[in-house]
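We have chain G; now place chain U onto it with these hints.
Here are the chains, one letter per residue:
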Amino acid sequence: MTTTHDVHSPSFMTGDEFHIPTFRLLQQDGTLFEGAEAPELDEEKALKIYRAMLVTRVLDERMMAAQRQGRLSFYMQCTGEEAAVIGATAALDDADMIMAQYREQGALVYRGFSYDEFMNQLFGNELDYGKGRQMPIHYGSRKLHYMTISSPLATQIPQATGYAYGQKLAGEGHCTITFFGEGAASEGDFHAALNMASVHKVPVIFFCRNNGYAISTPASEQFAADGIAPRAFGYRMHVIRVDGNDVLAVYRATQDARKIAVEKNQPVLIEAMTYRLAAHSSSDDPSGYRSRKEEEAWREKDPILRMQRWLIDRGWWSEEEEKELQDSLRREVLETMKRAEKRPPPPLESLVTDVYADVTPALQRQLDALKTHIRKYPDAYPKGARSLDPDVKAAGSEYKAGDEQGGA
Amino acid sequence: MPKMNMLQAINNALDIAMAEDDKVLCFGEDVGVFGGVFRATSHLQEKYGRERCFNTPLVEQGIIGFANGLAAQGSVPVAEIQFADYIFPAFDQIVNETAKFRYRSGDLFNVGGLTIRTPYGGGISGGHYHSQSPEAYFAHTPGLKIVVPRNPYQAKGLLLSAIRDPDPVIFFEPKRLYRAAVGEVPEEDYQLPIGEAEVIKEGSDVTVLGWGAQMEVIERTVELAEKEGISCEVIDLRSILPWDEDTVVESVLKTGRLVITHEAPRTGGFAGEIAATIQERCFLYLESPIERVTGLDTPFPLTLEKEYLPDHLKIFEAIKASVAY
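So the protein lines, in turn, are chains G and U.
Going by the UniProt record's numbering, the final residue of the first sequence carries number 408, and the count climbs one at a time with no gaps.
Going by the UniProt record's numbering, the final residue of the second sequence carries number 325, and the count climbs one at a time with no gaps.
So here's chain G without its partners, still in its complex pose (with noise of 0.2 Å):
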């Protein structure tokens, strides 16, 4: 609804009129800031949300230094984000739906993906659930509620509207949250989604990853305005900044924003804080566009360093137990990387299903049409002549990596 207020001279706003606080509560040494109060968290939870932030951060650099060797063909780290996608994810309900961007990794170790199974996806082997089809990193799992990763950006945000209209009138108390950088931000989808959401009285919960760079793009060149909160008002929203970094205060603001969206039926906008400490991909270099000096300063307010202190001063947690951990994670990775890289690719006849829910005449032909030209020149198609006669010794193991590596 518009409102009327008459002026009787001619009066503009700019947006000024608006001060959007952060909301903070962990200081980075661990401790809270003064008059903050921590969130309802126990020690096992508290740890849950821990051990998800270190698994992802380990998972991380391992797979970029695979990447590195040449065993993958493409990653994309998490790195300096742990906090705000895993204390997002600790705050909802693990049966409400997830639609991430491509860096959400965390959430699905929270939600309890295994190393077995990202090494499946990244290695597009045959137990891969996207059957090898798409680059690594787009997970996807139907049992933890967390849709299939594409690489368009901010097409899922308004997919997430729609999602969790569908959950409104199913009437189970769900809600759908869509993770999204402040880049993604710019495309249409987002604000068709925020209308709609608005409009519909959907439960969407729109995390807003500001993490300072849509690969090269600055934020300063990505909008004028301050930040992404301030869309909101647009739309009549709910709306909240947090300090991305600060688990505390990401797992609260999305707490109470769940709260919003389940029992009011209304959407949320949370913006959080943070910085992309690694590069946009394997096939980005960021010495082209920022200093060094500039990630140093965001490194020493890791996010993960930050939650560790507030943990060791409880005293739920000690430099022991993260030694511990961190080696035997390590060793868990490489283990699990090996069994993934030796299993074979999916079978040929994947290519062609799933592209309707039954493999139409034509695509069968075009299907048998390959299996008798494979079967030619079978050293040409190492993983498909393999997937034929699998007694085939080829070396259809061995992950190619390709030349230019997608430069996504």
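Keep in mind that a hint or two might mislead.
[As the list claims (entries may be wrong)] For lysine-lysine, the following DSS-like pairs were computed, each having C-alpha atoms within a straight-line distance of at most 27 Å:
{"hint": "1", "chain 1": "G", "residue 1": "Lys342", "chain 2": "G", "residue 2": "Lys371"}
{"hint": "2", "chain 1": "G", "residue 1": "Lys48", "chain 2": "G", "residue 2": "Lys323"}
{"hint": "3", "chain 1": "U", "residue 1": "Lys254", "chain 2": "U", "residue 2": "Lys227"}
{"hint": "4", "chain 1": "U", "residue 1": "Lys320", "chain 2": "G", "residue 2": "Lys371"}
{"hint": "5", "chain 1": "U", "residue 1": "Lys47", "chain 2": "G", "residue 2": "Lys371"}
{"hint": "6", "chain 1": "U", "residue 1": "Lys254", "chain 2": "U", "residue 2": "Lys314"}
{"hint": "7", "chain 1": "U", "residue 1": "Lys47", "chain 2": "G", "residue 2": "Lys376"}
{"hint": "8", "chain 1": "G", "residue 1": "Lys338", "chain 2": "U", "residue 2": "Lys306"}
{"hint": "9", "chain 1": "U", "residue 1": "Lys254", "chain 2": "G", "residue 2": "Lys371"}
{"hint": "10", "chain 1": "G", "residue 1": "Lys168", "chain 2": "G", "residue 2": "Lys143"}
{"hint": "11", "chain 1": "G", "residue 1": "Lys376", "chain 2": "U", "residue 2": "Lys23"}
{"hint": "12", "chain 1": "G", "residue 1": "Lys338", "chain 2": "G", "residue 2": "Lys323"}
{"hint": "13", "chain 1": "U", "residue 1": "Lys314", "chain 2": "U", "residue 2": "Lys227"}
{"hint": "14", "chain 1": "G", "residue 1": "Lys45", "chain 2": "G", "residue 2": "Lys143"}
{"hint": "15", "chain 1": "U", "residue 1": "Lys100", "chain 2": "G", "residue 2": "Lys371"}
{"hint": "16", "chain 1": "U", "residue 1": "Lys23", "chain 2": "U", "residue 2": "Lys47"}
{"hint": "17", "chain 1": "G", "residue 1": "Lys45", "chain 2": "G", "residue 2": "Lys259"}
{"hint": "18", "chain 1": "U", "residue 1": "Lys314", "chain 2": "G", "residue 2": "Lys376"}
{"hint": "19", "chain 1": "U", "residue 1": "Lys100", "chain 2": "U", "residue 2": "Lys227"}
{"hint": "20", "chain 1": "U", "residue 1": "Lys306", "chain 2": "G", "residue 2": "Lys342"}
{"hint": "21", "chain 1": "G", "residue 1": "Lys376", "chain 2": "U", "residue 2": "Lys254"}
{"hint": "22", "chain 1": "G", "residue 1": "Lys259", "chain 2": "G", "residue 2": "Lys168"}
{"hint": "23", "chain 1": "G", "residue 1": "Lys323", "chain 2": "G", "residue 2": "Lys45"}
{"hint": "24", "chain 1": "U", "residue 1": "Lys254", "chain 2": "U", "residue 2": "Lys320"}
[Stated by the list, open to error] Here are some, though not all, of the chain G residues that point toward chain U, as calculated from beta-carbon distances under 10 Å:
{"hint": "25", "residue": "Ser150"}
{"hint": "26", "residue": "Ala154"}
{"hint": "27", "residue": "Tyr163"}
{"hint": "28", "residue": "Tyr377"}
Quick caveat, the hints were computed from the structure, so don't treat them as lab data.
All residues carry an ideal CB built from backbone N, CA and C; glycine is no exception.
For chain U alone, kept in the frame of chain G given last:
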């Protein structure tokens, strides 16, 4: 003559166009200080300033809408869409606006200055969203011109023509060849014609037709075929819209056989359009059915990319089938 890879040739063409005409602007995601994710616009911001070469917010429909407006005003925008797979948010602006600007206004207004540059194609482990060849969608849109270069020399000459062409042009760049294709490229300004195919190699038994990155694959195929004593005439279509019917017809009247190849899926692919036209104009001269060697009618895969792609062996088999029909 200096050697350049395709990115250097494209960068050089943009540099020449911007130096010559203040109205030429280059923009898109990460195009500014970083010079684009593939570095096609390296140093252009440094040389020509932030007003003429800049990063845009991450919004493809905005980039092309903005470019349409700029072109209508009389500027010469060269807009980059980071990957052809990401051009679709701008589909409305391109199909309903760019293509029809001149026609709907009775030529009161036009966006002829617009060039859209975008990397396309597979073979780089890019999966669904960094591999597609969407030329056929746009080929169904009168008012657009579509150009695809095969090597650095062609890229520079065709891009300079595209920028100066009186009509809007989508310039699809074969990203697999960005650094892989290296060749001699003159330093000076030159243009190559839009709408004209090029007969790269003359032959008598079969015409083999493609564009962009497929030309390199055809080259490998022809080596195999000639070893078997099959004489191939090779044509690079270069422009998908408008396409050079006469050159292809002339060749097929001579050879009596045609093999067309593209990476995009078979159904609705541009090979179908070419085949229809050639059977209309060459029916009595055809010795065998026109062969299409294309991607499968599926989304672009990842692990089984090699199996999906229309490679030299698949084209070779099609040539043999055509000749032995």
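Tell me, in ascending order, the numbers of any earlier hints that this structure violates.
5, 7, 9, 11, 15, 19, 21, 27
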